[in-house]
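Protein chains in written order, with the working numbering: chain A, 30 to 429; chain B, 115 to 254.
Simulated from the structure, these hints should not be mistaken for lab results.
Glycine included, each C-beta is placed from N, C-alpha and C at the ideal position.
You may find that some hints are simply not true.
[To be verified] A short list of chain B residues far from chain A (calculated; beta carbon distances all over 10 Å): (1) Phe121; (2) Ala133; (3) Pro145; (4) Arg149; (5) Cys162; (6) Arg167; (7) Ala171; (8) Leu176; (9) Thr178; (10) Asn183; (11) Lys184; (12) Arg194; (13) Ala220; (14) Glu235; (15) Gln238.
[What the hints assert, rightly or not] Once the Cα atoms are required to be at most 30 Å apart in a straight line, the calculated DSS-like pairs of lysine-lysine come out as: (16) Lys316(A) - Lys131(B); (17) Lys323(A) - Lys349(A); (18) Lys50(A) - Lys323(A); (19) Lys50(A) - Lys316(A); (20) Lys224(B) - Lys131(B); (21) Lys141(B) - Lys131(B); (22) Lys316(A) - Lys349(A); (23) Lys136(B) - Lys50(A); (24) Lys37(A) - Lys80(A); (25) Lys428(A) - Lys197(A); (26) Lys197(A) - Lys141(B); (27) Lys197(A) - Lys224(B); (28) Lys426(A) - Lys115(A); (29) Lys184(B) - Lys197(A); (30) Lys80(A) - Lys349(A); (31) Lys80(A) - Lys50(A); (32) Lys349(A) - Lys115(A); (33) Lys343(A) - Lys80(A); (34) Lys158(B) - Lys184(B); (35) Lys50(A) - Lys131(B); (36) Lys224(B) - Lys428(A).
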Amino acid sequence: MHNTQAEKFIVPMGPQHPALKEPGHFEFTLDGETVTHAGVRLGYVHRGIEKATEARTWVQNLYLLERICGICSHTHATAFVLGVEKLAGITAPPRAQAIRALIGEMERIHSHLLWLGVAAHEAGFDTLFMFSWRDRETIMDLLEEITGNRVNYSANVLGGVKYDVQEKHADALRRALDFLETRTEHYLEVVKNDEMFLRRTRGVGVMSRELAEAWGVVGPTARASGVARDVRVDAPYAGYVDFPARLILQTEGDLEARFSVRIQELFESYRLIRALLDHLPTGELVKTVPRRIKAGETVSRIEAPRGELFYFIKSNGGDKPERVHIRTPSICNMSSVLSLAVGHPLADVPMLLAGIDPCFSCNDRMVLLKQTARNGAHADEWTWEQLHQHGIEYYRKQKR
Amino acid sequence: MKLGGMFADIWHALWRKPATEKYPFEKRAAPERLRGALYFNPEKCTGCGMCTRDCPADAIELVTLDKKNKRFVLRYHLDRCTFCAQCVETCSYDCLGMSNEQWELAARDKEPFTVYYGNAEDIQTFMARAAPSETDAQTK
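Let's have the full structure, built from the sequences with the hints guiding it.
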């Protein structure tokens, strides 16, 4: 008889898996039903965007960076334009800044409603999934009405925005918000009172404030654990300077809190949009930005629907950036899923993963190589030549 | 959820029309600002070429036939276009725009994806000279 004690049972999940719409590979070591160890391999949708920015002009990069993520495309573009404007020493007109915030909030609404559907689907509550996605169409139609596209709105240009918000848009938006508000109240009630749903969320994946801070968790995931961190509040940008956002905080740190924080953020977005529409500054939409940006480097932070989005931009005085580095919120939150999964049954893992609202396309800023001693290199220390050589060998192998 | 609420939901859902649209059979009017295929008005074009410089997808080429008499042909690659409308924003002479009527752009072969804009006469001249432009494309 062999020794079952020493045997490990590893369940691989992904890269192609029905529970995940985007590719990511997870390995869960199990003891019976309980996860004892979790590992992840990311990088399947790595597209080399950071490198590609170096070959495009500042204007062209706007549209490339917008395509990092299909859900929060506007935040990526906003983070980039704000950074470039800072480098150029230009501030976009107040009306443009307000419209940036307005579209940002509309994007948050559609992102959170989408997430609510996905998370409900992972919990096996497909009715809620259908309902929230149906209601999400209201805001998608309005985004199309205002900017001309459902996703990748391309509302930003360097120095301002392309599209004005007219009175007819404002009226349609106000009507839509009334409808969405009643629907969201209903969803909050469902999430807080539905017995079956609570069994999947209450007390599951509890992350204390200390842990959340130690793991560097961001966004609604952090705010559900009592970490008061929101870029819109801490370091207001664009329209949030004149139209301050309120911080939504909850201290329980379990999945239920993460649901509740996101749904309450929807109400906050409705309030902000109404305030923005009522007091939209008048004036021009665009200021001219030179084609060559002054040499220098800057950072730009934005509160994306999933948390803090960070851009580092370096210019050498030319018409192309020298370096753009991006840190997206999903990569910060991913480690918490792996740590939280330990001790939970395998069936809870998809819910834990959905709880951080992961975006794999955002995540994949780099390719993580398994630490093996290759080319005579030390396990975790690679020289530039070795990396270069590895790249050549890797693609040669792919070609074969 | 309360049981009564569930029955109310079912009752309402029974009499409701589907939330989805029967798209190819019933078409909704496109929003005014929808970004569909690009169109070009050669009248005002000065041939500055800023649109081609700013295009992130390399989708437009401006061919100058006669700069003095302002004869230009715009070759537009629909299949490369990302519909971002940066060219429309860049053009200082209001020559470019995006149609909200032409948005059903799928095709079975590649031919319809290259569109020529300009005066009919100019396009003819350009097509007659098409052979050199083909070699141009190859050397690129």
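Beyond 10 Å on every Cβ pair: is that true for arginine 149(B) relative to chain A? The claim is violated: arginine 149(B) sits with its nearest Cβ about 4 Å from chain A, within 10 Å.
Has the given pair, lysine 50(A) with lysine 316(A), been kept, meaning a C-alpha gap of at most 30 Å? Violated, at roughly 40 Å.
With the threshold set at 30 Å, check whether the alpha-carbon distance from lysine 141(B) to lysine 131(B) stays at or below it. holds, 16 Å
Given the hint that lysine 349(A) pairs with lysine 115(A), test it: the Cα-Cα distance must not exceed 30 Å. holds, 16 Å
Non-interface label on leucine 176(B), tested against every C-beta of chain A at 10 Å: For leucine 176(B), whose nearest Cβ neighbour in chain A is about 17 Å away, the distance exceeds 10 Å, so it holds.
Closest CB of chain A to the CB of lysine 184(B) still more than 10 Å away: holds, 24 Å
Mind checking the alpha carbons of lysine 343(A) and lysine 80(A) for me, to see if they're no more than 30 Å apart? With Cα atoms ~13 Å apart, lysine 343(A) and lysine 80(A) stay inside 30 Å; holds.
Measuring Cβ to Cβ, find out whether alanine 133(B) lies farther than 10 Å from everything in chain A. Answer for alanine 133(B): violated, closest chain A Cβ roughly 5 Å.
Compare the distance between the alpha carbons of lysine 37(A) and lysine 80(A) with 30 Å, and conclude whether the hinted pair is satisfied. Outside the cut-off at roughly 40 Å; violated.
Is it true that the CA of lysine 158(B) sits at most 30 Å from the CA of lysine 184(B)? Cα-Cα ~9 Å, so holds.
Separation of alanine 220(B) from chain A, once the least beta-carbon distance is taken, above 10 Å: holds, 17 Å
Run the C-beta distances from arginine 194(B) to all of chain A and say if the shortest one exceeds 10 Å. holds, 12 Å
Of the hints listed earlier, those the structure fails to meet are numbers 2, 3, 4, 6, 7, 16, 18, 19, 20, 24, 25, 27, 28, 29, in rising order.
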